[in-house]
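Take the two lone chains, each set in its own frame, and fit them into one complex as the hints suggest.
From first to last, the protein sequence lines stand for chains C and Z.
If you number the first sequence the way my numbering does, the last residue is 273 and the count never jumps.
If you number the second sequence the way my numbering does, the last residue is 175 and the count never jumps.
No wet-lab data here; the hints were simulated from the structure.
There could be a bad hint or two in this list.
Pairs of lysine-lysine, DSSO-like flavour, derived with a Cα cap of 30 Å [unchecked claim]:
hint, chain 1, residue 1, chain 2, residue 2
1, Z, 4, C, 122
2, C, 204, Z, 30
3, Z, 30, C, 240
4, Z, 90, Z, 30
5, Z, 69, Z, 49
6, Z, 151, Z, 119
7, Z, 4, C, 65
8, Z, 175, Z, 69
9, Z, 119, Z, 69
10, Z, 175, Z, 110
11, C, 135, Z, 119
12, Z, 69, Z, 90
13, C, 240, C, 122
14, Z, 145, Z, 110
15, C, 264, Z, 159
16, Z, 119, Z, 133
17, Z, 110, Z, 30
18, Z, 49, Z, 119
19, C, 264, Z, 2
20, C, 99, Z, 30
21, C, 122, Z, 110
22, Z, 133, Z, 69
23, C, 65, Z, 2
24, Z, 90, Z, 63
25, Z, 2, C, 135
26, Z, 2, C, 99
27, Z, 69, Z, 110
28, Z, 110, Z, 169
29, C, 135, C, 204
30, C, 122, C, 135
31, Z, 145, Z, 63
32, C, 122, C, 187
33, Z, 133, Z, 90
34, Z, 69, Z, 136
35, Z, 133, Z, 175
36, Z, 133, Z, 49
From a predicted model like this one, the values you see are computed outputs, not experimental measurements.
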Amino acid sequence: MEKGERQKEKTVSLQSGGAEIKDLSFVDGELLEVPIDEIPTAKKHTKISTEIETPKTKNENQNQKSYLQYVFLPLIFLTVALLGGWRISVTDDAFVFLKPPLVCLIFATILLVLFFRANLIKLDGWFSENFSTLKNIANATILVSLFAASTQVFNALLPEQGLPFWTFAFCFFWTLWNNLFAEFDTKRLLQSLGGLFGLAFVLKYLLLAGLTAPASKSWIQGIFENPAQEAFTWLLDLPKFAPATGYIQFFMLVFYLIGLFLLKPETIDKREV
Amino acid sequence: MKEKHIQTLGIFLTTFYIMFIAWLYLVEPKSLEELPTRAQTTIENVTTKTQVAIGTYEVDQAKFNEGLKAFRADNFIVARDNFERADTEKRDARTQFYVAYSFYRQGFGKISNDDALFKQGLEQINRVVALDKNFKSDDANLQIKTPVELKNEFEEGLKVTASDFNPLKVLRERK
Chain C
1 MEKGERQKEK
11 TVSLQSGGAE
21 IKDLSFVDGE
31 LLEVPIDEIP
41 TAKKHTKIST
51 EIETPKTKNE
61 NQNQKSYLQY
71 VFLPLIFLTV
81 ALLGGWRISV
91 TDDAFVFLKP
101 PLVCLIFATI
111 LLVLFFRANL
121 IKLDGWFSEN
131 FSTLKNIANA
141 TILVSLFAAS
151 TQVFNALLPE
161 QGLPFWTFAF
171 CFFWTLWNNL
181 FAEFDTKRLL
191 QSLGGLFGLA
201 FVLKYLLLAG
211 LTAPASKSWI
221 QGIFENPAQE
231 AFTWLLDLPK
241 FAPATGYIQF
251 FMLVFYLIGL
261 FLLKPETIDK
271 REV
Chain Z
1 MKEKHIQTLG
11 IFLTTFYIMF
21 IAWLYLVEPK
31 SLEELPTRAQ
41 TTIENVTTKT
51 QVAIGTYEVD
61 QAKFNEGLKA
71 FRADNFIVAR
81 DNFERADTEK
91 RDARTQFYVA
101 YSFYRQGFGK
111 ISNDDALFKQ
121 GLEQINRVVA
131 LDKNFKSDDA
141 NLQIKTPVEL
151 KNEFEEGLKV
161 TASDFNPLKV
171 LRERK
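With the rest of the complex left out, here is chain Z (with noise of 0.2 Å):
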């Protein structure tokens, strides 16, 4: 072997060495069976940074539809887990909505509303603003279709008002 094929051969050694030391310090396995299951999640993460940054990011369609699904049953959840799986890298205003409507249902009570859950879905609904200042639902199932309506709710729904204390408020339905 020539020595510029055996340097050539060094180089390219030492640089996979380097980057799975550097890898294997990044991901911390606290075991050697753990190594595949770090290994898969390091290659779907690669694999979608790089579909954004040639602009061929999609959301996993199967698990938003899965996502949807326990939407509509009021397992929000469930639902919240599938939308982010469906969109890991938070870029889908649509999914992103769901999310954050699916804050908002979970935290809508008739006497009072969740804070917590509304202040997640605050900061939800301020990050779909910022994805797509323009989005509209089409889901007819939705009485909320743009961002800013969600908005007022949740900002309405942290603030303690007078009309928070009308008894006629318990009639009121969830939207």
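Pulled out of the complex, with its shape left as it was, chain C reads as follows (with noise of 0.2 Å):
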């Protein structure tokens, strides 16, 4: 065979398993001389699985899709968003509920944004004319739920009160508007997410909760004995709350980050394209 040397092929049929491949046009380029023996032998097997996808199981399949985005994943977020709020005190073990402050919405909704724009949801693959009323409502809740979620997840990281409150808001503020602007894909925003709120979370529930006296001591007794927990529990205005407290917000930001996980981008199924 000599270099260089064009050939033109017509079209070929290529019969193989049934399928006809048509028009390989041109052949454009050099040929080179390969020895009989590197001659590579077409052997490839195509693999043909012997399971027939049978419409039962495709629609088990559907249907088990169906329950993880419209029952499981709404119920994952809400139990965030019931966690989110819950503290133990430390006194005499009784559950505290404390409302998200306003400040924690207004996170929740840059971080929706965020979502929008590192494409974890799509919007015109969650909402469109195309669908129909209730899927577009049934849509709707989740992201009500995610909202709620997320607003919860900042209820449980941010301090509660004082200075570290303050300090927290703007650290959280600062990252989330910063990641407004900078390119995102999925994957980067979840990572981003996960290193964020474990921060926050080890400042909290572990750094700060390990500056707070304990609550059972009386004041005087605390200073003799602690100082330096006394006088950061002092200066920091920081609440005083169980060890479960913790333990429950644990859970809770894992919950967060699986509901993220869970999360799809758009909801178009094929049969409605």
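Next up, the structure:
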């Protein structure tokens, strides 16, 4: 065979497993000399699954996906919303339900905008005039539950009052604001949020909780036994909650991240396109 | 199950769960044991508000009678408690008039009146006036029949005048 030889082939029909491939119009390029023993042999086999996907199996899969999306996912997010403001009082183990401050709603709104920007949620994939009204409403309830969960995540991770509250709030705002103008893909956004929330959790429920003086002791006894903790509690206006609060908030955060992982960018069903 | 059924189920479950969470954060129970009590209170409140909205609200007659009995026995604190339970929405002029009257009778003194109770009574009687300007009690045991008269008693009782130092004042009777 000569180098640089142009070979024009007519349309070739290959009969392969019943499929007909047409119009291999031109092969335009160098032809290389290849030793005979290296000539690739066409021994590729296509594995054909012996399991036949029956319409029933397809329906079951579709049902499973629908259950996950319309039942399980909102329940996860709403559980996060339930746990996010839940604290346990250190004095009498009483439940304390803290309503989210306004700043949490603002942060949650920015976070949702970020989700849309990073294509974690595609607006036209969730709401469309081609969908049925029921589907649009069902999708809206998922987003409402996501918003409630996001609000409560910030409620859980922000310190309750005083200087730490404003410091954390500023840091959250700064990060979210910067992220709004950054180029994100879904994976990076989730990594960034995981890091942000993880850090906030560690700072609040490990560091600040460690600085808080135990409530069982009297003030004077506390000053003598542990002056540093008493001083930090007083200076930073730290609330005293039972250790169980940290565990509740840990699982809340885990549920939230699982929920985000399960969230699909779009809910378009092939049958509806 | 069809997809639309799953979507409907999801909408109902989500709505119910959202309402439960909102209720929980509203009533703020201190423990799990407190949940049924709070739920019962909420149901009662909702029922009353609904009755008010649709115009079928009525005073709890049994509680009112208990209150009246305590009022006539000069047990005014118990009387007020029962009246307030009987008319939780504070919409019945007659019940509210008795509440105001209980402040008058409890606060009345031959030498000096209890100003704090009289002030509360004045606030209460203003509520009666707002509810029904033309209210007139049909209770024969009450000497003061109208809110205007009772209001006058409260206002006069709160004023410090020369007549307050009249020694004959001790002879006056509670109405």
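Outcome of the hint check:
1. 4(Z) x 122(C): With a Cα-Cα distance of about 21 Å, the restraint between residue 4(Z) and residue 122(C) holds, given a limit of 30 Å.
2. 204(C) x 30(Z): Holds - the C-alpha atoms of residue 30(Z) and residue 204(C) are around 24 Å apart, at most 30 Å.
3. 30(Z) x 240(C): Status holds; Cα separation ~16 Å.
4. 90(Z) x 30(Z): It holds: about 28 Å lies between the C-alpha atoms, which stays within 30 Å.
5. 69(Z) x 49(Z): Measuring from Cα to Cα gives roughly 27 Å; hence the hint holds.
6. 151(Z) x 119(Z): Between residue 151(Z) and residue 119(Z) the Cα gap is close to 10 Å, so the pair holds against 30 Å.
7. 4(Z) x 65(C): holds, 13 Å
8. 175(Z) x 69(Z): holds, 17 Å
9. 119(Z) x 69(Z): This hinted pair holds, its Cα atoms lying about 24 Å apart.
10. 175(Z) x 110(Z): holds, 12 Å
11. 135(C) x 119(Z): violated, 59 Å
12. 69(Z) x 90(Z): holds, 20 Å
13. 240(C) x 122(C): violated, 42 Å
14. 145(Z) x 110(Z): holds, 21 Å
15. 264(C) x 159(Z): Violated, because 73 Å separates the two Cα atoms, which is more than 30 Å.
16. 119(Z) x 133(Z): This hinted pair holds, its Cα atoms lying about 20 Å apart.
17. 110(Z) x 30(Z): Judged against 30 Å, a Cα distance of about 46 Å means the pair is violated.
18. 49(Z) x 119(Z): holds, 29 Å
19. 264(C) x 2(Z): holds, 20 Å
20. 99(C) x 30(Z): Status holds; Cα separation ~15 Å.
21. 122(C) x 110(Z): violated, 79 Å
22. 133(Z) x 69(Z): Holds - the C-alpha atoms of residue 69(Z) and residue 133(Z) are around 26 Å apart, at most 30 Å.
23. 65(C) x 2(Z): holds, 12 Å
24. 90(Z) x 63(Z): holds, 14 Å
25. 2(Z) x 135(C): Holds, because 12 Å separates the two Cα atoms, which is no more than 30 Å.
26. 2(Z) x 99(C): violated, 38 Å
27. 69(Z) x 110(Z): The hint holds at about 24 Å.
28. 110(Z) x 169(Z): holds, 7 Å
29. 135(C) x 204(C): It is violated: about 40 Å lies between the C-alpha atoms, which goes past 30 Å.
30. 122(C) x 135(C): holds, 15 Å
31. 145(Z) x 63(Z): holds, 22 Å
32. 122(C) x 187(C): holds, 15 Å
33. 133(Z) x 90(Z): Distance ~15 Å between residue 133(Z) and residue 90(Z) Cα, so the pair holds.
34. 69(Z) x 136(Z): holds, 20 Å
35. 133(Z) x 175(Z): Distance ~21 Å between residue 133(Z) and residue 175(Z) Cα, so the pair holds.
36. 133(Z) x 49(Z): With a Cα-Cα distance of about 24 Å, the restraint between residue 133(Z) and residue 49(Z) holds, given a limit of 30 Å.
Hints 11, 13, 15, 17, 21, 26 and 29 from the earlier list are contradicted by this structure; the remaining hints agree with it.
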